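Asks: One-letter residues, chain by chain:
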Amino acid sequence: MEKRLSLYICTGCGIGESIDTDALCNVAKSEFNISTCKQHNFLCSKEGCELINRDISENNPDSVIIGACSPRVHKSTFVFDKSIIVERINLREQVAWCSKPNDEDTQMMAEDYLRMGIVKSQNILPSSPFIEDNLSSDILVIGGGITGITAAIEGAKAGYKILLVEKEQQAGGWAKNLFKQLPQTPSCRELEEPSIYRKIDELKQLSNIELLTSATINEISGQPGCFNVQVSVSNEIKKYKVASIVMATGWKPYDVSGIRVFGYGKFKDVITNIEMEEMAREGKIRRPSDNKVVNSVLFIQCAGSRDPEHLPYCSSFCCSATLKQAKYIRDFNKDSLVYVVYKDIRAPGFHENFYKEIQSDSNIFFTKGEVINISEEGKSLNIEISDTLIGENIQVQADLVVLATGMTPSNSEELNLSYRLGKGLPSIKYDFPDSHFICFPYETRRTGIYAAGTLRAPSDMTACSEDARGAMLKAIQCLEAVKRGEAVHPRSGDQSYPKLYLDRCTDCKRCTEECPFGSYDETEKGTPLLNLNRCRRCGICLGACPERIIDFDDFSINSISSVIKAVNIPDEFG
Amino acid sequence: MKIIKPDIAFINEINRDTGFSLKSCMQCGTCSVVCDLSPKNKPFPRKEMFWASWGLKEKLMGDPDIWLCHQCGDCTTYCPRGVKPGDVLSSIRKICYYHYAKPKFLGTILKKPAYLPFVFAVPVLFLLLVLFFAGTYIIPEGDINYSTFLPHKYLNTSFSVLLLFVLWGVILSVRSFWNALDKHSSGIDKKSNLFKISISVIKEILIHENFKKCTTQKFRYPAHFLIFWGFMLLILTTILAIVNVLFFEYPFSIWHPFKVLGNIAGIMFLAGCCLVIFQRITNRKNNSIYTYTDWMFLISILIISISGFLTEFARLGNWRLAYHIYFFHLIFTWILIIYLPYTKFSHIIYRTLATIHARYTGR
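Respectively, the protein sequence lines represent chains A and B. Be aware that the first sequence starts at 1, since it is given in the working numbering, and climbs by one per residue. Be aware that the second sequence starts at 1001, since it is given in the working numbering, and climbs by one per residue.
So here's chain A without its partners, still in its complex pose (with noise of 0.2 Å):
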């Protein structure tokens, strides 16, 4: 069926001046047929929309072109009935402002832009938004460390229901193992006590969150908005179902009984930072050998990580976590010596001030330095360092040697998904499954689920609280949008969706290949099955698919090909 298209060309802001607006009406007339082709010196103004609706209600056009500015500006001031297409043509940012006036090339410009968004308009449909029947408004947060508690918190003082899954028989994560906490409050220079059990305090006063304790993930499967989880807490599945996830299943350290030159493993009085925090949170830091009170401990910085042969990047808070041990190796023995070797220290945030402070402590010395070989010598350890800040080798002895080492991600394969793409989060660079946090903060390649914490990226736990409430901000904003069948971030607030001619799919599935969000699972049969919430609109279904048989209303394979196709090639270049 033709459409009924009217135009509207607007001569006011210079296009007037710079284009022959009726040569542009007689295209209109002439090519495409199109009888109503008004034009106003003021089409924004009272007057120019007043002409446009009262058209409207007279002659019930399918479609509404105008010749104006930019569609980035009046976004509100040309709406209409949703059932009409409106399709801005930017004769005035593209042609009039930046072409010579009145000239020949200019004026061909203009009537290419006028073809190409007739053309458009016949080849696009009105979209509506497509909204899920039964949309839960619950979040689920996963692990229950600084991050999922502080993310429950704060998800639940936003007013939404949290059911928070954690493994362990009580939740605080590693947060509960610590025996002080790095400073957190100005001015930064003292330790203090573990701020989780106040948090754990609060999360329990909380009537909206529901804690489940020794408690796994079964499975997950629908969508944003009706995701069916199934926990299993003691031998019982317990089902729910919720809108969106946030991800905080932590870390594990690095194994570092690999890096032979450390000789973890070998010498009883080579420890890792985690065996360290144990020893201070028993209350004595003690030689693993023979027992007795340390006198002088080396720390080394960077085991394993920031090393291409085992982990790559900085684990962010072995520094900080050095700096801390320091002070408690000082307060328990007011004589000891400790020597740090780092690559270099990392402090971040306030954390710099703490280590100005504990640099200040002069039984703390600190060099950047590679240890190339540590050897027992009577009752010490013997630590030949390199490539220190004096520019020659240097021999330190010590009691004790404890090895800061690294983070690793949990595995992402707990959530348990019953995705066609696999059960865990896709990551693009050391297991980690973040995104670029810059444009897609706290985003995974799953949408809805969204990583928080030392899962997403090494951080110290004031890092971890931020990430928390970034992450349960963006749950919420992904539960808010899929209500409305709105697309999440970044095509925040797009309504039309991808469509499948499915009479003619082949079931080849490479469209649940491409797609990066795991969108597409398929049928008993074989053939694809949108979940339309995962669907992030990025359109590369659209040309994955051979047959192409996927297109929005609004945006087609055809109506751009179309559009291509109706731009006016001069002679010479035909």
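There's no promise every hint is true.
Stated by the list, open to error - Here are the simulated DSS-like cross-link-like pairs (lysine-lysine), alpha carbons at most 27 Å apart as the crow flies:
1) A/LYS343 <-> B/LYS1047
2) A/LYS199 <-> A/LYS238
3) A/LYS266 <-> B/LYS1005
Unchecked claim - Okay, the calculated bits of chain B under chain A, using three or more residues with CB under 8 Å as the criterion:
4) 1050 to 1062
5) 1273 to 1279
Read the hints as simulated data drawn from the structure, not as lab findings. None of these values were measured; they are calculated from a predicted model. Note that beta-carbon positions come from the ideal geometry of N, C-alpha and C, so glycine has one too.
Please build the complex by placing chain B on the supplied structure of chain A, with the hints as guidance.
Replies: Coordinates of chain B only, in the frame set by chain A:
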């Protein structure tokens, strides 16, 4: 490879003195970059900051570089972490005076204000003893003539005895200092013409070549220049005067060439002192810190120059208190001279030697 053992007492000593920011150094090297006196190869004060924060006292005691520093404060001004490398080096130099002091207890006595009475007591008792032997402990009548109060032969003899004692201390200190410098630079080829180097270094010191390079505290060059040359000329005048009184008449007239020279030198000396004191109080640009030992040296030379002039005026004006002033002036002069190896004054020895040694090893 030698096992490193930090000397905590040494670190704490620097910490208690002007180098309390020492440990905050993060070894960025800005200090060495902004310093105009630092050599290109193994520049100071960056490595000294590291050695000091690790408590490597032995290394620093034999390090000539701490003496190449003129403490102009460029490094302290530009340090991004608020560390004061200039003051740390000054602190290490102070430790050096006491480290090499022979006998050691004199070093300790001059370090702390608590021993100040003792510092005064020694020259006072000594002078009283001399007066006792000369039999002139009663204030003479008539026109003021200091030689009637304290005859020159007693004064010069007693002073020479003390000087010999000082010289003995200096020789012992210099020997162990030079050995430490040698040990520190072991393995480095040394140049052969030590004499020629010494001459050129002394020439450099006389014209204050390196002092001119300081940029943040420009006043230091003229101030030190005035004090240095004032002092040198005063020593020269004193020697000439001593020689003179052996053969000629005493006292000199005010227009006697020696007297004129002495007065000009005295004015230079006093002006230099005042300039330094004024700048120490008013110049807060680089926040340098001055402690007891810094002030003690400066104040004692200020008092010497003022009491010297007063002594002269008292004689010319026949003041009743002339002999008291003279006595007071002598006490301070002796304090300056006999304690030379144990106070900041000893930099005149250590700095010269260290500069020569540095040049000797090609720095």
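Asks: All hints are to be evaluated individually against the structure, with a verdict given for each.
Replies: Hint by hint, here is what the structure shows:
1. A/LYS343 <-> B/LYS1047: Distance of about 18 Å is within 27 Å: holds.
2. A/LYS199 <-> A/LYS238: Holds. A/LYS199 to A/LYS238 sits at ~26 Å (cutoff 27 Å).
3. A/LYS266 <-> B/LYS1005: Cα-Cα ~26 Å, so holds.
4. 1050 to 1062: holds (count 5)
5. 1273 to 1279: violated (count 0)
When held up to the earlier numbered hints, the structure conflicts with hint 5 and nothing else.
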